[in-house]
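Listed in order, the protein sequences are those of chains A and B.
Residue 1214 in this note's numbering sits at position 30 of the first sequence, with consecutive numbering throughout.
Residue 1211 in this note's numbering sits at position 27 of the second sequence, with consecutive numbering throughout.
Honestly, the hints are just simulated from the structure, not real lab data.
Every residue, glycine too, gets a C-beta built ideally from N, C-alpha and C.
Heads up, some of the hints might be wrong.
[To be verified] Residues from chain A that face chain B, not an exhaustive set, calculated with beta carbons under 8 angstroms: (1) Gln1185; (2) Ala1188; (3) Pro1210; (4) Tyr1212; (5) Pro1213; (6) Gly1217; (7) Ser1225; (8) Asp1232; (9) Pro1264; (10) Pro1267.
[As the list claims (entries may be wrong)] With beta-carbon atoms standing in for the labels, derived distance ranges: (11) Ala1192/B <-> Ala1203/A: 19 to 29 angstroms; (12) Ala1189/B <-> Thr1248/A: 42 to 52 angstroms; (13) Val1196/A <-> Thr1248/B: 29 to 39 angstroms; (14) Thr1250/A <-> Thr1248/B: 35 to 45 angstroms; (15) Gly1246/A <-> Ala1198/B: 11 to 21 angstroms; (16) Ala1203/A <-> Pro1263/B: 28 to 38 angstroms; (17) Ala1199/B <-> Asp1186/A: 29 to 39 angstroms; (18) Pro1210/B <-> Cys1200/A: 18 to 28 angstroms; (19) Val1196/B <-> Asp1211/A: 23 to 33 angstroms; (20) Ala1188/A <-> Thr1248/B: 41 to 51 angstroms.
[As the list claims (entries may be wrong)] Restricting the straight-line Cα-Cα distance to at most 20 angstroms, the calculated cross-link-like pairs of lysine-lysine (PhoX-like) are: (21) Lys1187/A <-> Lys1219/A; (22) Lys1193/B <-> Lys1221/B; (23) Lys1236/B <-> Lys1236/A; (24) Lys1193/B <-> Lys1219/B; (25) Lys1219/A <-> Lys1193/A; (26) Lys1187/A <-> Lys1221/A; (27) Lys1193/A <-> Lys1221/A; (28) Lys1219/B <-> Lys1187/B; (29) Lys1221/B <-> Lys1236/A; (30) Lys1187/B <-> Lys1221/B; (31) Lys1221/A <-> Lys1236/B; (32) Lys1219/A <-> Lys1219/B.
Protein chains: 2
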Amino acid sequence: QDKAAGQAKAAVCAACHGADGTSVMPDYPNLAGQKEKYLQSAITAYRDGSRKHAVMSPMANGLTDTDIANLAAYFASLPPQSPAK
Amino acid sequence: QDKAAGQAKAAVCAACHGADGTSVMPDYPNLAGQKEKYLQSAITAYRDGSRKHAVMSPMANGLTDTDIANLAAYFASLPPQSPAK
């Protein structure tokens, strides 16, 4: 995987998932430090429709397998934030 | 929410999601430090069937709304682990 390519591709994701992978909204998951393989399967599920979401389905639609692998590698590599006490 | 009750309820979850909320398998998501509201919606989705998973669907099946709120509060409160470099 190419984390740099993942980072470039992730620009649009930052709007909800945060520039550092810690999401801006309680409804949206943090991605930073998540398991790479899980991220890949989740994004793929949105792309193939086994998961449906008004925002994520169209987002995932245009992604190639390589995009997904790079995005997953990128977010998995980010340090997660401890929850605000 | 009652984090202590959530912790007690979470004993069975540790098998896959780790005793500290950092999962033992690359396929299963880390839960520690995840957004509480997201966790609630994900578990509820497994319970009501909008998400399907061989393990999670039966796991979520027996949970009450209170169980789900407590589990979400508990895992959200755990400090996430930075990914192994």
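We went through each hint and held it up to the structure:
Given hint, Gln1185/A at the interface with chain B, is violated; its Cβ is 13 angstroms from that chain's nearest Cβ, farther than 8 angstroms. Proximity of Ala1188/A to chain B is violated relative to the hint, the smallest CB-CB distance being about 17 angstroms (cut-off 8 angstroms). Because the smallest distance between the Cβ of Pro1210/A and any Cβ of chain B comes to about 4 angstroms, under 8 angstroms, the interface hint for this residue holds. Look at Tyr1212/A: its Cβ gets to within about 6 angstroms of chain B, closer than 8 angstroms, so that hint holds up.
The beta carbon of Pro1213/A is positioned within 8 angstroms of a beta carbon in chain B (closest approach about 5 angstroms), and the interface hint is therefore held. Interface restraint check for Gly1217/A: the shortest CB-CB distance to chain B comes to about 5 angstroms, inside 8 angstroms, so the restraint holds. Interface hint at Ser1225/A: satisfied, since its Cβ lies 7 angstroms from the closest Cβ of chain B, which is below the 8 angstroms cut-off. Below 8 angstroms, beta-carbon pairs count as interface contacts, and Asp1232/A has none with chain B, the closest being about 13 angstroms; its hint is therefore violated.
Because the closest C-beta pair between Pro1264/A and chain B is about 4 angstroms apart, less than 8 angstroms, the hint holds. Hint status for Pro1267/A: holds, given a least beta-carbon distance of 5 angstroms to chain B, under 8 angstroms. A beta carbon spacing of about 37 angstroms between Ala1192/B and Ala1203/A contradicts the range 19 to 29 angstroms that was offered as a hint. Checked against the hint of 42 to 52 angstroms, the pair Ala1189/B and Thr1248/A passes, with Cβ atoms roughly 44 angstroms apart.
Remark: the range hint 29 to 39 angstroms for Val1196/A to Thr1248/B is upheld by a beta-carbon distance near 38 angstroms. Between Thr1250/A and Thr1248/B the beta carbon distance is about 43 angstroms. The supplied range of 35 to 45 angstroms therefore holds. Checking the proposed 11 to 21 angstroms range against Gly1246/A and Ala1198/B shows it is violated: the Cβ atoms sit about 38 angstroms from each other. Distance hint check for Ala1203/A and Pro1263/B: the Cβ-Cβ separation is about 21 angstroms, which falls outside the suggested range of 28 to 38 angstroms.
Range check, Ala1199/B to Asp1186/A: Cβ separation about 34 angstroms, and the 29 to 39 angstroms hint holds. As the Cβ distance of Pro1210/B to Cys1200/A is approximately 24 angstroms, the hint placing it in 18 to 28 angstroms holds. Checking the proposed 23 to 33 angstroms range against Val1196/B and Asp1211/A shows it holds: the Cβ atoms sit about 26 angstroms from each other. At about 46 angstroms, the beta-carbon gap between Ala1188/A and Thr1248/B stays in the expected band of 41 to 51 angstroms.
Of the pairs offered as hints, the one joining Lys1187/A and Lys1219/A holds, with about 14 angstroms between alpha carbons and a cut-off of 20 angstroms not exceeded. A hinted pair counts as satisfied when its Cα atoms are at most 20 angstroms apart, and Lys1193/B with Lys1221/B qualifies at roughly 18 angstroms. As the CA atoms of Lys1236/B and Lys1236/A are separated by approximately 12 angstroms, the hinted pair is consistent with the 20 angstroms bound. Taking the CA atoms of Lys1193/B and Lys1219/B, the gap is about 18 angstroms. The hint holds against a cut of 20 angstroms.
Under the criterion of a C-alpha separation no larger than 20 angstroms, the hint pairing Lys1219/A with Lys1193/A is consistent with the structure, at around 18 angstroms. The straight-line distance between the Cα atoms of Lys1187/A and Lys1221/A is roughly 14 angstroms, inside the 20 angstroms bound, and the hint therefore holds. In summary, the hint linking Lys1193/A to Lys1221/A is supported, as the alpha carbons are separated by about 18 angstroms, within the 20 angstroms threshold. Taking the CA atoms of Lys1219/B and Lys1187/B, the gap is near 14 angstroms; set against the 20 angstroms cutoff, the hint holds.
Between Lys1221/B and Lys1236/A the CA atoms are separated by roughly 18 angstroms; this keeps the pair inside 20 angstroms, and the hint holds. In summary, the hint linking Lys1187/B to Lys1221/B is supported, as the alpha carbons are separated by about 14 angstroms, within the 20 angstroms threshold. Taken as a hint, the Lys1221/A and Lys1236/B pair is honoured in the structure, with Cα atoms around 18 angstroms apart against an allowance of 20 angstroms. With a C-alpha separation of about 15 angstroms, the suggested pair Lys1219/A and Lys1219/B falls inside the 20 angstroms cut-off, and the hint holds.
Comparing the model with each numbered hint stated earlier shows that hints 1, 2, 8, 11, 15, 16 do not hold.
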